[in-house]
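Engineer: Heads up: the protein sequence lines correspond to chains B, Y and A, in order.
Each number in this note's numbering corresponds to the 1-based position in the first sequence with 975 added.
Each number in this note's numbering corresponds to the 1-based position in the second sequence with 393 added.
Each number in this note's numbering corresponds to the 1-based position in the third sequence with 293 added.
Careful: at least some of the hints might be erroneous.
Unchecked claim - Taking lysine-lysine and the BS3-like style, the derived pairs with C-alpha atoms no more than 30 Å apart in a straight line are: (1) 1173(B) / 401(Y); (2) 1173(B) / 417(Y); (3) 428(A) / 1173(B); (4) 491(Y) / 436(Y); (5) 1199(B) / 428(A).
These are computed hints drawn from the structure, not numbers from a lab.
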Amino acid sequence: MASIRSKLADIFDNREQEIAQSWLERQAAGTRRLSPAEQHEINRQSREFLSAIKGAMQQDGAANIAGPAWAPVREFLSNFSASRAKAGFTPTETASFIFSLKQPVFDALRQELGQDANALAAETWRATELLDALGLLTAESFQKSREDMISRQQAELLELSTPVVQLWDGILALPLIGTLDSSRTQVVMQNLLDAIVKTRSDFAIIDITGVPVVDTLVAQHLLKTVAAARLMGAECLISGIRPQIAQTIIHLGVDLAGVVTKATLADAFAIAMRRIGYTVVRDQKTKIAVER
Amino acid sequence: MERIPILKMGDYLLITIQVDMHDKLALTLQNDLTEQIVTHKSKGILIDISALEIVDSFIGRMLGIIASMSRLLDAETVVVGMQPAVAITLVELGLSMKGIRTALNVEKGMTVLQNSLREERQDGDSSRQF
Amino acid sequence: MIRVVNSESMEIRAAEDVVAVRQAVRKKSISLGFGLVDQTKVVTASSELARNTLDHGGGGTVHLEILENDRRAGIRLIFEDQGPGIADIAQALTDGYTSGGGMGLGLGGSKRLSHEFDITSQPGEGTRVSIVRWK
Chain B
976 MASIRSKLAD
986 IFDNREQEIA
996 QSWLERQAAG
1006 TRRLSPAEQH
1016 EINRQSREFL
1026 SAIKGAMQQD
1036 GAANIAGPAW
1046 APVREFLSNF
1056 SASRAKAGFT
1066 PTETASFIFS
1076 LKQPVFDALR
1086 QELGQDANAL
1096 AAETWRATEL
1106 LDALGLLTAE
1116 SFQKSREDMI
1126 SRQQAELLEL
1136 STPVVQLWDG
1146 ILALPLIGTL
1156 DSSRTQVVMQ
1166 NLLDAIVKTR
1176 SDFAIIDITG
1186 VPVVDTLVAQ
1196 HLLKTVAAAR
1206 LMGAECLISG
1216 IRPQIAQTII
1226 HLGVDLAGVV
1236 TKATLADAFA
1246 IAMRRIGYTV
1256 VRDQKTKIAV
1266 ER
Chain Y
394 MERIPILKMG
404 DYLLITIQVD
414 MHDKLALTLQ
424 NDLTEQIVTH
434 KSKGILIDIS
444 ALEIVDSFIG
454 RMLGIIASMS
464 RLLDAETVVV
474 GMQPAVAITL
484 VELGLSMKGI
494 RTALNVEKGM
504 TVLQNSLREE
514 RQDGDSSRQF
Chain A
294 MIRVVNSESM
304 EIRAAEDVVA
314 VRQAVRKKSI
324 SLGFGLVDQT
334 KVVTASSELA
344 RNTLDHGGGG
354 TVHLEILEND
364 RRAGIRLIFE
374 DQGPGIADIA
384 QALTDGYTSG
394 GGMGLGLGGS
404 KRLSHEFDIT
414 SQPGEGTRVS
424 IVRWK
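Looking at chain B on its own, in the form it has when it is part of the complex:
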């Protein structure tokens, strides 16, 4: 049994060059014209991969690809599919890297075992299993790196969509746009508290005009934000309470913990100004000229 099992390992050893040659030809046939730099890169990657498989097969002829002997191969594939994903290749194009290796390997096996039909069938099957498994691994890595990219972008979006604005010396405004879930709330709290420290503000106006739904969870998140700001010595006002929101809040029985609420940001701003001791006086004599 041992001799048959190592046959597949042997051909990666003995026939590495011819497999590499044949494989590169197949890969070239399947894609558009590549630049010399791209071609050079594919050559390099293909040889590196074959060498990694050779090494792995020598240690573990049973091709248990989840095992430690195959770690270099797995790592290569995960880096490979990540770079392909980033470069804009499709999952199919990326997995073809592996699948196009099948024919060259079968050809090499036929050269070695052509006389022994049973052995050839067994080894061909073994090769198929191995390459299928590696192909699937590649596809999954590809998927994972796409998911990582998306979640990175989501995080960036989250950061950008929670700006804190200074309306006056000591008064901050936090216009919230979109739903307020728990991960968003964390970002909101961090941004707000950092701004309170930096600007030494005494008031923060949280405007929820752009928050479509206010249910008990959203209310909880708002209250947490208010509580955190209070611990930093800043008082919060909530503005942008639409009529439907006001009704929902009452029906749900949400207790807004003594937070001052106003329909508009402008009203909340006026209150905050008064609280820190400012009054706004209009000079009646000033005429506003409109340029034509």
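Could you slot chains Y and A onto chain B? The hints should help.
Structural biologist: Relative to chain B, chains Y and A alone:
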């Protein structure tokens, strides 16, 4: 013996917590504080926790006890300098800081104490009408 | 598939040990690249549970484990003691509950600060609390 220093600043006392608190140290602080409030007839306590990287329920209880004790001795307590990460964690932890005033820093904390003193005096005056 | 990548144990027998546990958890979470708020949450939870182990469990041990799950890293802390145990876990998890010793927020608070929380305890058989915080 380890002791948290208490600084007199006019009508107020300032405590800066910079080390890890344990039971004995907390008790000593409470004793020292009550003594000093009476000795100096202090009207307010400022507790600076800007050096604390975490505030757990032990510290929270200690702050609450200090605030309650001080109030009995006619002094208001303001906790200042909480770090943002600590504030966010405290809110999640659910620690109620009810009855404890907070401010961003010592300067603002003193303003809070001065305002609350002024209100007290005004109330005091207005109630003395014959 | 969750793998334990690293494991370390510490004794909790005195007040200084609570401080040491906090510092160890802080160090581990920094090495995993936890953000400041996440660090603060897990260190605070560890402080609560370490104090509980000391004050109510008569002392015990904490196992600090670094976990890996599908490229996501996390910290697991397992607090064990051979103390009196907790008769009514549900009640102990209710905030403000004190057994005349101020267990106050320890358990419920740590649960809220963690992504995963598990507790086993029987009167007379000690207590085991396990929490996980993922990056």
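Engineer: A separate judgement is required for each hint: does it hold in the structure or not?
Structural biologist: Hints and how they fare:
Proximity of residue 1173(B) to residue 401(Y) is assessed by CA-CA distance (about 28 Å); at most 30 Å being required, the pair is judged to hold. In summary, the hint linking residue 1173(B) to residue 417(Y) is not supported, as the alpha carbons are separated by about 36 Å, beyond the 30 Å threshold. For the hint pairing residue 428(A) with residue 1173(B), the CA-to-CA distance comes to about 27 Å; that is within 30 Å, so the pair holds. For a cut-off of 30 Å, the pair hint linking residue 491(Y) to residue 436(Y) stands: about 20 Å separates their Cα positions.
The hinted pair formed by residue 1199(B) and residue 428(A) meets the criterion: a straight-line CA distance of about 22 Å does not exceed 30 Å.
The structure fails to meet hint 2 from the earlier list, while all remaining hints are met.
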